[in-house]
Amino acid sequence: MTQTSVSSVYLASTEGGAGMHSVAASGVFSATWLVIGLPLLGAAVLLLGGRRTNRFGHWLGTLFALGSFAVAAALFAAMLGESGADRSIDQHLWNWVAVGDFQAEIGLHLDQLSMVFVLLITGVGSLIHIYSIGYMEHDENRRRFFAYLNLFLASMLLLVLANNYLLLYVGWEGVGLASYLLIGFWQHKPSAATAAKKAFIMNRVGDFGLAVAIFLMFTAFGTFSFDEVLGGSAAASDGTMTAIGLMLLLAACGKSAQFPLQAWLGDAMEGPTPVSALIHAATMVTAGVYLITRSAEIFNASPDAQLVVTIVGAITVLFGAIVGCAKDDIKKALAASTMSQIGYMILAAGLGPIGYAFAIMHLVTHGFFKAGLFLGAGSVMHGMNDEVDMRRYGGLRKYMPVTFVTFGLGYLAIIGFPLLSGFFSKDKIIEAAFAKGGTTGYVLGSVTLVAAALTAYYMTRVMLMTFFGRERWKEAPVGAPADWHEPHPHESPVSMTLPMIVLAFGSVFAGGLFVLNDAFVNWLTPVTGFSHGELPFSVWVVTGMATAMVALGVAVAYVQYARREVPAVAPQGSLVTVAARKDLYQDSINEGLVMRPGQYLTRLLVWLDGRGIDGFVGGLAAFIGGTSSRVRKVQTGFVRSYALSMFGGTAVVVAATLMARMA
Amino acid sequence: MSEGLQLAVEKIDTPTIEYAELAPMLIVFGVAVAGVLVEAFVPRKARYATHLVLALGGMAAAFAAVVALAGEQEVAAVGAVAVDGPSLFLQGTLLLLGIVSVMLIAERRLEHGGDAFAPQAAAAPGSEAEKEATAANLHQTEVFPLTMFALGGMLLFPASNDLLTMFVALEVMSLPLYLLCGLARRRRMLSQEAALKYFLLGAFSSAFFLFGVAMLYGYSGSLKLDRIAVATGGAMDNDALLLIGMAMVAVGLLFKVGAVPFHSWTPDVYQGAPTPITGFMAAATKVAAFGALLRFFYVAMPGMKWDWRPVMVGVAIVTMIAGAVIAITQTDVKRMLAYSSVAHAGFILTGMLAANEAGASSTLFYLVAYGFVTLGAFAVVTLVRDAGGEATHLSRWAGLGRRSPLLAGVFALFLLAFAGIPLTSGFTGKFAVFQAAADGGAGSLVIVGVLCSAIAAFFYVRVIVLMFFSEPRADGPTVVVPSVLTTAAIALGVAVTVVLGILPQPVLDLADKASLFVH
Amino acid sequence: MNGDFPWLTVMAALPFVGGLVVAALPAGKRVLAKNTALAVTLAELVLAIIVTVKFSPDGDRFQFTESYAWIKSFGVHWSLGVDGIGLVLILLTAALMPILVLASWHDADTPQVSASGEAPSGKAAPRSTHAFFALMLMVEAMVVVSFAATDIFVFYIFFEAMLIPMYFLIGGFGGAQRSYAAVKFLLYNLLGGLVMLAAVVALYVVTANHDLGGTGQGTFDLVRISQAVATGELDMNPTAEKAMFLGFMFAFAIKAPLWPFHTWLPDTMTEATPGVAVLVTAMVDKVGTFAMLRFCLEIFPDASKTFAPVIVTLAVIGIIYGALLAVGQTDIKRLIAYTSISHFGFIIMGIFAMTTQGHSGATLYMINHGFSTAALLLIAGFLISRRGSKTIADFGGVQKVAPVLAGTFLVAGLATLSLPGLAPFVSEFLVLVGTYSRYEAAGLFATVGIILAALYVLVLYQRTMTGPVKAGVEKIRDLNVRELVVVAPLMAVLLVLGVYPKPILDVVNPAVEETMSQVERTDPKPSNPIVPAAQPLAAETHGGSK
Amino acid sequence: MNPANYLFLSALLFTIGAAGVLLRRNAIVVFMCVELMLNATNLAFVTFARMHGNYDGQIIAFFTMVVAAAEVVVGLSIIIAIFRSRRTASVDDANLMKW
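Protein chains in written order, with our numbering: chain B, 19 to 681; chain Z, 2 to 520; chain U, 4 to 549; chain E, 145 to 243.
Pulled out of the complex, with its shape left as it was, chain B reads as follows (with noise of 0.2 Å):
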């Protein structure tokens, strides 16, 4: 299957160590900053250009973001141009922090791995400023929204550019900002305000992770680059090298909406579902998958790191394919789906040199099929005045045509309907957690055998429901407000439907063009390195027990959602439905865990603030100022308790005197 010598991971991690053999850019290359810079560009222009730039101010947004794809797509050809150690490229831009031995420079690193990032950011991101045109045509504030989507691009960019950590936190945080702007983007909503703040804040505690690995990059190794940090991490301690790994995870765990960080995702779907299908499906939310296979050798010189992000991935495989299953909401269902299917991702990053290749395949046909999913959801949502509750559509494939048409490729492609795209790259990643060896093998191997299962259940529910069975909508919902008047479903303008199209055609074909010749393994090799795992038993064995997974989910959801009639009203359901619906209480278990005592703590610093330390403060001089009034009563007025005193001074310093001699 590879050419690539089933060699030792750590072998196969010092030929292909990240950045070793970069060279300086030139040529094209020296147009690596322009990628990042264009968006940037388009960003201030709209932002500092106001309203003067509110008429045409989202197609010079769409131009900034194709003119990036554009430079990205030259990169490309370039790259293809060049051969092996000329693929890394580093484009020093200017010294950026320099203090001692800190020395952190603004430098983009393009290699392999970037390059894929940057192709799917742009080309994704292109074409959802295209569909954003269509979709967020009467808003008033669409310039805006187009600024923060330049934004966006450029901030997740320079994230997948840095050739430092610390630079990559510039990007993660900036994404995180992009994120924040674009969720709470319908501000006058306070649920979107809520959702948006929410997920800057679980960010934080992710980029918590980032600085403390920085830290610890610092204090073991003297620098944060990607060159030397990675060229170091064999020599340094296990120790050392498990902190770190574990503080990346952290960090990733914040960004890819992983458990125990993960609960931010379905609210952040109160943005614009543009935004949903870009950031919170395609790009962004894979960043943490980046982050750990750009660290690759970090975590290869740490298998109890590694181990503890299989666990994290497979557990979060899990939650988020339990989630999806009773999630009504279509965008959340889709949210939920997505958490699930970085889980996949990160599960294979922890499997090591025989993940890292597959788990960056998959999140690139993820890429597209579940962008291209969302949109179709915000197609459907379009058509149907903003609903979102899936009892609330039914039979819709008769009214919008091709948005059912991609929907439904990208809904083949993401249960692994042979040879589409989620076929082979899912496929890829059950078979390397089968080879991880051992029980963690089997184990990993079972779970993301369940979740393909459970990903054909709930994503056969979100087709049947929403594109099958009885038109629900014609119906005026449970307690309808006065006004509620009867959609018309109709189909999406071209400039939403042709984003569509174009991620339909990837989720059908890109996953079969990468596994040609393993054509993307062998492209991201010299970064990640790979070895070939050792599978139990035969590669077939894992097709067929993954396809079989999938039919059976697919057949449950059909018993469940075709042959019975859908209730209006979602019925009580199990224990584990009404817990999955309610994201399995993850929003209970944080306020419980931790806003809750940390309201009462703050509640009871504001009280110890004022009464404790101010508190005392106020007490000296209050009681100074007592000693004060009571003194003063000294004073009586009466000459003769006056020279009482004073024959008393008298008395007492002649007494001290005499006695200051005798001692």
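Each statement offered as a hint is correct.
Label-pair restraints from in silico Cβ distances:
hint: 1; chain 1: E; residue 1: Asn146; chain 2: B; residue 2: Ala673; range: 17 to 27 Å
hint: 2; chain 1: B; residue 1: Phe74; chain 2: U; residue 2: Pro29; range: 47 to 57 Å
hint: 3; chain 1: B; residue 1: Ala673; chain 2: U; residue 2: Arg64; range: 55 to 65 Å
Within a straight-line C-alpha distance of at most 20 Å, the following computed SDA-like cross-link-like pairs (lysine to any residue) qualify:
hint: 4; chain 1: U; residue 1: Lys528; chain 2: B; residue 2: Gln121
hint: 5; chain 1: B; residue 1: Lys207; chain 2: U; residue 2: Ile395
hint: 6; chain 1: U; residue 1: Lys308; chain 2: U; residue 2: Pro241
hint: 7; chain 1: U; residue 1: Lys473; chain 2: B; residue 2: His206
hint: 8; chain 1: U; residue 1: Lys403; chain 2: B; residue 2: Thr71
hint: 9; chain 1: U; residue 1: Lys505; chain 2: U; residue 2: Pro60
hint: 10; chain 1: Z; residue 1: Lys12; chain 2: E; residue 2: Asn198
hint: 11; chain 1: E; residue 1: Lys242; chain 2: Z; residue 2: Asp333
hint: 12; chain 1: B; residue 1: Lys416; chain 2: B; residue 2: Met399
If you're looking for bench data, these hints aren't it; they were derived computationally from the structure. Idealized CB from N, CA, C, for every residue including glycine.
Once you have looked at the hints, place chains Z, U and E on chain B.
For chains Z, U and E alone, kept in the frame of chain B given last:
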């Protein structure tokens, strides 16, 4: 020449008197006596002007004499008077303070053409006689000679080189002050009460002082400070006399400086006395008394340092704390300033306790700084008036900063100087005494000193808050526009406060040079 | 080397004289007073820029030095001179002042809310505007002297004297409780200053005992003392050194403020006008942190090292504590005040971590915090003045009616939470790295602060700016031209220093190295330093492109 | 007779005087007690003069008398003024100013 008084010599020589060196005191006493004559012989209408010219001219002449004497280190009048650095420095200071005080005393714009003093002090308050006197627009001018006598005593007090002279100076200084305290035009009951309290307690303390003198005389057989110093050097069994005597003399002097627990007269007297007199007392008496205290301890008791220091440290600490703490809750501005002066007595004691040259010079400097600020502050108090005279209740000062920002600003400056804020004379003085104390090994005093400064800052600041940040009262007091006399007095106070804060070096130099006592 | 022109004295004198002129202008000429003040601050900025340009980072440690005997009896000299640290702080001051003047343009024109909280009645005092701007200029002059003083006595004098104009600024202008706040401010700081006075006196005595000033005198010359400390010529008794250190530190800890000496700050900042609040946190308080770095560490290196763990602990507590309390506030300005307490924790922690990253980071933090807090407070001030309330609950949906105001507020907030790409990030990260490399636990706990920072900033933003437009908010206008002129430079600085802090670091680093060598501290070495063989590669990559 | 006995007498008188100041209410009596203290001191001076064999102490006694006389002048005038306005010579009645 002191041999001349020895018992062994049968024939008594006529003692030589160094008139030139005693000129400052002689001039002032001469003016005082002349003042009495003026009262007797000059027509009523011309008396005020005559007194004013006489007093100011006399003090100016005396000051000129002091300047001319600068650098002298002599013992004059058969050893009774020391004409040395500290004497001359303090005499110069006293004369300047005296000039300012007389300017305040002579102010006649504030009371509809009247001054701060009772038209007929002998008339009972509220009596027909008083009303008649007021109606007749009577003005008494006996305050001038009284003031000059007091000032003469003050000049002599720190210069006295034996304990008898010191006692006499003490009385000469105090007796006129007792009277002056009782002469207020308004609130005469308070004024008389102040006089009574001051007089009784003053006499009481004089008795202690005198008894102490007796003990020291009994111990050493001499009244001369240097002789006593010599006597303390020899080991004698009869130290009890020495210690008791030293302690009681100190008590007499501490009473005058207003140290706790001998301070109880201060608030009542400061409050009751006519404000110009309060200013005069607060500034000049303190200068004179500290001069005497310095001389007593530095010249007569240097060998007893280890005996008096611990006790005096205790007194200084109690003084600083009590003054600062009690002042916090005062509601009358004059009373507050009185307690403030108590606290400052503690600070000055801190410098004195360094018991070295720096101690003397820092104390001298502090006295100058403090004297002018104090006079200035009381001068401001005379200007804030309502129907009943001066509006001394603090609540009446609310919003003064809005009505007359300039006056309030000036008062704030004085308060800040009291509080020892940098760039005012108060800070320089405080730094000087703390530095001397730390150098002299009295670090604990410095700690207490800074903490008390912080407490003290509270009530100074409180007044500033009241003046600037409170709403003015509708029926609030008015600020009277004074004549050039008070204006000049206040301006001088401001100038000294600022200059000694920013460019203190010349005065510091002067104090440094003046810090050597003649023995 | 810089010629004989007394640049620093002129820089100190200009605002001082300017303040006197403003105060002396005829009553009623409010606009003239404002314009004069603005002109003076701009001229000061020009001077600051000239000095910065003439400063050579590789030159002597202290430049533009001047020294004149002032109070010989105390061995005091009017000695000024700046190193990189002092210079950038002076630059900060000079840069912020015109902005503050402009931001406070109308703050002193209207009568102030009375102490009893009644609505202001009648007209403002005829010279209130004059007084306000004159006092501001006085403060500027004193702050400049404090940053430039190389004589401890001179520093002390201005450190203390600054309280008075500040006191009048706080107490004379602002909210209903302003006089309480002003008194609290003054007494707190005065207490600190007086305790420091005892230490200053003690230091003088110690130097005198070692005859540092010659002829048995002491000295206050920082350079002389720190040399003597370094060479062992001045070997202080450890107990005395510790006591003096604590005396100095007490004053600076109150001024900075360090937990638990912080409670004056929230009251002050809540009651003062926004401009004055900025003056307090952005400049006056910086004198405290600056002085820790300059005086505590240089004069008492051993005591500093002894107490460093304690102070770092307090600083960390301050970081977390300030942040948590900020979360719990219901008043916008009070919230911002607590964020500042948290930030001062970072600065102090960086200083006492005693690493180059910590020191440079702390210095940079002082600058950045100055700008970010200024932005946050001033914009909050604009907002508050429009609504007439500073209660968070009275706001909501401002973004809808005043998008520019909301947008700039968000940027300022993001700077406050140290978003990478904005200036405060660089300094915060440096401080954290610098601390972590010496005190791991402290570094970790402090890093938790970044999460809490996100919480308090975003909660504030969410409650005020987002959601449905609340009653009373709908009339809020967006920023006007004057306000934009105030905000724009702040935004620009926050952005530029975020990606290009080099000019400041270049100036600061040499000074930091001097300090580090004075305390005889070196950075902890990495446990696994990258082998030098990797260096040529890195060099090649760095040098390769431009 | 041992001169020390005079000293004891002097101290006794001084104490009696002081006690009188503290205990008596009438201003005149209080004042007389002060005078008693001064005279007690005089006795001490004279005794010491005798013990030391010089005249200084005796001279002081004269001075003291003069000073005491002056004090009487001032004191009585004040007391009389008070008595006139209040119709009482009790020192306890003069307590308008306190605290």
